[in-house]
Every structure is written in C-alpha cells, then in structure tokens.
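Here the protein sequences come in this chain order: A and B. Numbered per our numbering, the first sequence spans residues 1 to 113. Numbered per our numbering, the second sequence spans residues 114 to 231.
Worth flagging that the hints you see were computed from the coordinates, not collected in a lab. Bear in mind that the values here come from a model prediction, so they are computed numbers and not experimental data. For each residue, glycine too, the CB sits at the ideal point set by N, CA and C. Misleading hints may appear alongside valid ones.
[Claimed, not checked] Partial pick of chain B residues on the chain A-facing surface, computed with a CB cut under 8 Å:
| id | residue |
| --- | --- |
| 1 | 154 |
| 2 | 161 |
| 3 | 218 |
| 4 | 219 |
| 5 | 224 |
[What the hints assert, rightly or not] Distance ranges between label pairs, derived from CB positions:
| id | chain 1 | residue 1 | chain 2 | residue 2 | range |
| --- | --- | --- | --- | --- | --- |
| 6 | B | 123 | A | 9 | 24 to 30 Å |
| 7 | A | 96 | B | 166 | 16 to 22 Å |
| 8 | B | 231 | A | 82 | 35 to 41 Å |
| 9 | B | 227 | A | 45 | 16 to 22 Å |
| 10 | A | 20 | B | 133 | 39 to 45 Å |
| 11 | A | 7 | B | 197 | 22 to 28 Å |
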Amino acid sequence: AQSVSQHNHHVILSEAASLELGCNYSYGGTVNLFWYVQYPGQHLQLLLKYFSGDPLVKGIKGFEAEFIKSKFSFNLRKPSVQWSDTAEYFCAVISSGTYKYIFGTGTRLKVLA
Amino acid sequence: KAGVTQTPRYLIKTRGQQVTLSCSPISGHRSVSWYQQTPGQGLQFLFEYFSETQRNKGNFPGRFSGRQFSNSRSEMNVSTLELGDSALYLCASSLEGGTSGSHYNEQFFGPGTRLTVL
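Just chain A, with the same shape it has in the complex (with noise of 0.2 Å):
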C-alpha cells in the first residue's frame, strides 16, 4: 500500500534559522507531489507540487523541495524561516492515473521569535 513518511512530528526553530522537513513515499510508480501549509485558523492552502522536470521546485513564500527519485523523498526546505511560518505541514502523493491523494502525518513548525 502506498504511504507517506513525515519524520518530524514537531520542529522547533529560531527565526532565522534554516528549515528541512523530511517526507518519503513508498510507491513504485510515477508520482505526484505536494507540500501542503496550515497556518494557524486557516484552511490547508498548497505551498509546492512536483510533477515532472526539474526535481528542484519552487513554492510560495520562499520555500523550495528536492525531489529524489531514488530515494523516494521530497524534502522541504526554507533557507531562513520566519514567525510567521508556523504552522503545520504535510507532505502528498498521488500516483498517476489515480484520484486519491495520500497524506503524510504532518509536522508542526513553530518558529520563536
């Protein structure tokens, strides 16, 4: 069965500090991926998604993910966080030719100020 690996269930930073938050996936085939934000009060709104090209995208808000097929990850990464990137964040796949998305468990960011 397909499954997404979120291995930090709760991260905490100073701002400023670098961010990466680990997401794999088990799924032979070709994939589509995502990094999904939920701020605090507010709807889950997308932050990136992968889906073919360059492995390296480029989200809002300064984030960015490398996806590495052959080690089925699709880390997030954010050079220098801010306060207001607390909240929580999950990792997606959804394999190609399907409709239904797997979810990671999330992982709660909070950030000091």
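Since the structure of chain A is provided, determine the placement of chain B on it from the hints.
Leaving out everything else, chain B in the frame of chain A:
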C-alpha cells in the same frame, strides 16, 4: 471566486447517532474529495466524487458514505457514530481531480467541520 464552503462548522453528537456534513465546491469544480483529520494521523482519504460518481475510496468502514449532486455539491454521512469518529472533516475540490493534467490536480480545501462525538 468563492472558496470551498462546508456546513456546519461545528457539530456535537452522541454515540450511535448519525450525521450529515455538506460541502459546496468552488464554482466550476467537478471533483470533491473528503478527508478525516486527527492529531497524529494527519489527513486520511475518505472518498472522491466526480460527476456524481465515486471514483475512489479510502479504508474506512461502511458507516462512512457520501454522495455528490448534479451541481457538484457533496455530502458525507456517518452512521452509528463512535467516539473515534471525533475529528475535523475536510472537503477539497478541484477542477477534474486526479492526474489528468497538472492544471487540474490542485485541490482547494474548505475550513472543515469539527465533529465531536460524546
């Protein structure tokens, strides 16, 4: 353009009761997906509808059911509620759903319905 709306926003029920949640997708979106969000479990896929047809479903018991109407609005029903059904239920809409093309894949989420089962 109005976003995805879900009603009601909060519900309190007791064990054994049933509940119906409603989702209105963004205008023009034909795919509606439902998720259950709980702490520690993240988002778990319930089912996806497109043009009134369920195209995919997750690993939930038959107590969880859904439907979609011709105007793309969707409802989900949970019968014989259990304490473990307490969760935030999210609805997401997209133009076509699935992976027919990169343009169609983005899901837009609603605010959710917070269900508490006592």
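Hint says 16 to 22 Å; check whether the CB-CB distance for residue 96/A and residue 166/B agrees. Holds, since residue 96/A and residue 166/B (Cβ atoms, about 20 Å apart) stay within the stated range.
With a cut-off of 8 Å, does the beta carbon of residue 219/B approach a beta carbon of chain A closely enough for the hint to hold? 6 Å, holds
Answer holds if the nearest beta-carbon of chain A is closer than 8 Å to that of residue 218/B; otherwise answer violated. 6 Å, holds
May I ask you to test the hint 24 to 30 Å on the CB atoms belonging to residue 123/B and residue 9/A? Taking Cβ atoms as reference, residue 123/B and residue 9/A lie about 26 Å apart, which means the hint holds.
When you take the CB atoms of residue 20/A and residue 133/B, is the distance between them in 39 to 45 Å? Because 42 Å falls inside the window, the suggested range holds.
At the C-beta level, are residue 231/B and residue 82/A separated by a distance inside 35 to 41 Å? 40 Å Cβ-Cβ, so the 35 to 41 Å window holds.
22 to 28 Å was suggested as the range; check whether the CB atoms of residue 7/A and residue 197/B agree with it. With a Cβ separation near 25 Å, residue 7/A and residue 197/B satisfy 22 to 28 Å, so the hint holds.
Using the C-beta atoms of residue 227/B and residue 45/A, is the stated range 16 to 22 Å upheld? 19 Å, holds
Any CB of chain A closer than 8 Å to the CB of residue 154/B? 6 Å, holds
Taking the closest Cβ pair, is residue 224/B under 8 Å from chain A? 6 Å, holds
Given residue 161/B as an interface hint, is its Cβ closer than 8 Å to any Cβ of chain A? Hint holds; residue 161/B Cβ to chain A Cβ min 5 Å, cut 8 Å.
Violated hints are absent here; each numbered hint is respected by the structure.
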